[in-house]
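Given only the sequences and the hints, what does the whole structure look like? Please build it.
Chains as they are written, first to last, in the working numbering: chain X, 1 to 62; chain A, 1 to 490.
Hints may contain errors.
The calculated DSS-like cross-link candidates involving lysine-lysine, where the alpha carbons are at most 25 Å apart (straight line), are [stated by the list, open to error]:
#: 1; chain 1: X; residue 1: Lys6; chain 2: A; residue 2: Lys41
#: 2; chain 1: X; residue 1: Lys4; chain 2: A; residue 2: Lys415
#: 3; chain 1: A; residue 1: Lys363; chain 2: X; residue 2: Lys6
#: 4; chain 1: X; residue 1: Lys56; chain 2: A; residue 2: Lys101
#: 5; chain 1: A; residue 1: Lys363; chain 2: A; residue 2: Lys384
#: 6; chain 1: A; residue 1: Lys358; chain 2: X; residue 2: Lys4
#: 7; chain 1: A; residue 1: Lys102; chain 2: X; residue 2: Lys56
#: 8; chain 1: A; residue 1: Lys266; chain 2: X; residue 2: Lys56
#: 9; chain 1: A; residue 1: Lys41; chain 2: X; residue 2: Lys56
#: 10; chain 1: A; residue 1: Lys102; chain 2: A; residue 2: Lys384
#: 11; chain 1: X; residue 1: Lys4; chain 2: A; residue 2: Lys101
#: 12; chain 1: A; residue 1: Lys363; chain 2: A; residue 2: Lys101
#: 13; chain 1: A; residue 1: Lys415; chain 2: X; residue 2: Lys6
#: 14; chain 1: A; residue 1: Lys266; chain 2: A; residue 2: Lys101
Keep in mind the hints are simulated off the structure, nothing from the lab.
What follows is each chain in one-letter form.
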Amino acid sequence: MNQKEKIWGLVILIIVFLGYFIPYAFLSNVTKWYGSFLIWSILAIIVIIANYFLSKNWGDEE
Amino acid sequence: MSTSLVWASISVYVVIAIIIAYLSRSGDQKSMAGYFLGERKLNGFVSALSYSATTYSAFMLVGLAGLTYNGGVGAFGFEIIYFMGVSLVAIFGPRFWLVGKKYGYVTPSEMLGDRYQSKWVAIVTAISSCLFLIPYSAVQLTGIGYLLAGVTDGAIPFTTGVVIATVLAIVFSYIAGIRSVAWTDSLQSLLMITTSTIVVIVIILHLGGIGGFFDAIEARDPQALAVPGNGFFNFWTFLGLTIPWFFFSISNPQVSQRLFMPASLKSMRHMLLGFLVFGFIYTIVSVVWGFSASVLFPDLENADLATPTLLSSDVVPPVLGVIVMVGIMAAAISTIDSILLTLSSLFSRDVYRNMTDKADDSKQLMVGKLVIPVIAVLTFLFAKLELDLIAVLSVAASSGLIVVVPAIIGSFFWKKGTAAGAISSVVLSSLLVIWVEATDGLLFGLKSGIWGLLSSSLLFIAVSLVTKAPKQKAEEFTQYVRQNMRSSRS
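Spelled out as structure tokens, the structure:
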């Protein structure tokens, strides 16, 4: 894996971990839209951004 | 829902889809790579829509809405973890693509067989995919049968729905192989994302806007907005469900084969990012449907009725409801036809070719085409039989396919991996998964997918360490990937 893959791969791994950890550890009692629903939405958007950067220099060579 | 309106919409859909399938006929249809991979020339836009349609079966709008109905926001988290797993495409996509072009791979099993230098690796992984994916497709078919029967109060019988879906899946696969599948998939995705989003807007307005929507959920059951909430999504269930789905993008051959198809890495990028945007919207749509049904119809007997009930209710205008209903049917078909093509290519390329001496490309293609209707009929028969074992295998599909993941990761990142390691991990772990599913779905409190991943990883590593790796191939393969990854994306 190249440097960029290692960095963004790690970012995604951390996001996945948080996707399990935050809702179950901290948000069990937050029964509002700004609880688990919001955190999972935010994490999903960060993942889209990470993929944007990961694939940024993919060329159009066939 | 009026039966004539349903028939009219199905007819319009069939006519448009067949026209599009015919228009897609271009280029080489006479080689394996032409028919099953579109000559590796798919553009990013079609790839993205088709990838989405193949991934998101009817499960999404019926099953995920149902899960939300039963278990609340945990269903959203489950789907988001899966969605995060698609990032594996960002790591494995370019690698599959590079070696696919260099060595001419048509299927993921073929890649594994060549990389580990053993035709048995290809045969075993191909057969294990068929074992889990045929029942999985059968369940999609029964889904269509129940959906059509459900919304028309039985006016369209279960069998009629299943027959329509089977025939359409065969037709869409046959007309131009992956090209007709990809283009009809694209039609279906565009139709679904537009209409299902409109349904969400209609429902949310009905419930008094976004604030009113969340207030209504909270008023009915505040626990629905947290995990474990009502207990449905306790942590271990959540983990057991999400682990197999996290690896879906590389474990399921009907989607990993897509990594061979884009015309360039830039097209693959469009496929990946397009899918992520699509998937995010679609996930929210399905979850909102499930929540809305739980607010509007809190007493349904079966959570899978959440979507049909919502669509045939007064809240959704009838024409819109029917269009979305036909769209769900198309979603199931677009999953089945992709699986049909992938399985027939696995059979002809990895089983037939490796079992006979003189199977050149055109013979393989002929066998592949002959096998398409055979697999479709098998799927149809499974759907009709409704055997317990089929239910077990289809539930086990996502867990069962996970067993190939260590061998796939190993092919790119571990030179010591061996054919014996790959074969033993796939065979023994598949059996373990089936056994766990056939007993009570849990072993020491853990779901089959977790066991599948643990056991296949351990077996792959342990058996590889005591057997001899194909050194030269491993070196050449990984070296090629490394060099090209550097030059394509410095």
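- Message: Need the status of pair Lys363 (chain A), Lys101 (chain A): alpha-carbon distance at most 25 Å?
- Response: holds, 21 Å
- Message: Can you confirm whether the C-alpha distance between Lys102 (chain A) and Lys384 (chain A) stays at or below 25 Å?
- Response: violated, 43 Å
- Measure nothing beyond the straight line between the CA atoms of Lys56 (chain X) and Lys101 (chain A); if it is 25 Å or shorter, mark the hint as holding. Given that 25 Å is the threshold and the Cα spacing comes to 21 Å, the pair holds.
- CA of Lys363 (chain A) to CA of Lys384 (chain A), is that 25 Å or under? With a Cα-Cα distance of about 32 Å, the restraint between Lys363 (chain A) and Lys384 (chain A) is violated, given a limit of 25 Å.
- Item | Hinted pair Lys6 (chain X) and Lys41 (chain A), Cα distance within 25 Å | Violated: Lys6 (chain X) and Lys41 (chain A) sit about 29 Å apart, past 25 Å.
- Query: Does Lys102 (chain A) pair with Lys56 (chain X) here, judged by a C-alpha cut-off of 25 Å?
  - Reply: holds, 23 Å
- Between Lys415 (chain A) and Lys6 (chain X), does the CA-CA distance stay at or below 25 Å? At roughly 19 Å apart (the allowed maximum being 25 Å), Lys6 (chain X) and Lys415 (chain A) satisfy the hint.
- Item | Hint consistency between Lys41 (chain A) and Lys56 (chain X) [alpha-carbon to alpha-carbon, up to 25 Å] | holds, 20 Å
- Are the Cα positions of Lys266 (chain A) and Lys101 (chain A) separated by 25 Å at most? Within the cut-off at roughly 15 Å; holds.
- Query: For the pair supplied as a hint, Lys4 (chain X) and Lys415 (chain A), is the alpha-carbon distance within the 25 Å limit?
  - Reply: holds, 22 Å
- With a cut-off of 25 Å on the C-alpha distance, tell me whether Lys266 (chain A) and Lys56 (chain X) pass. Roughly 9 Å separates the two Cα atoms, so the pair holds.
- Message: What's the verdict on Lys363 (chain A) and Lys6 (chain X), does the C-alpha distance respect the 25 Å limit or exceed it?
- Response: violated, 43 Å
The structure fails to meet hints 1, 3, 5, 6 and 10 from the earlier list, while all remaining hints are met.
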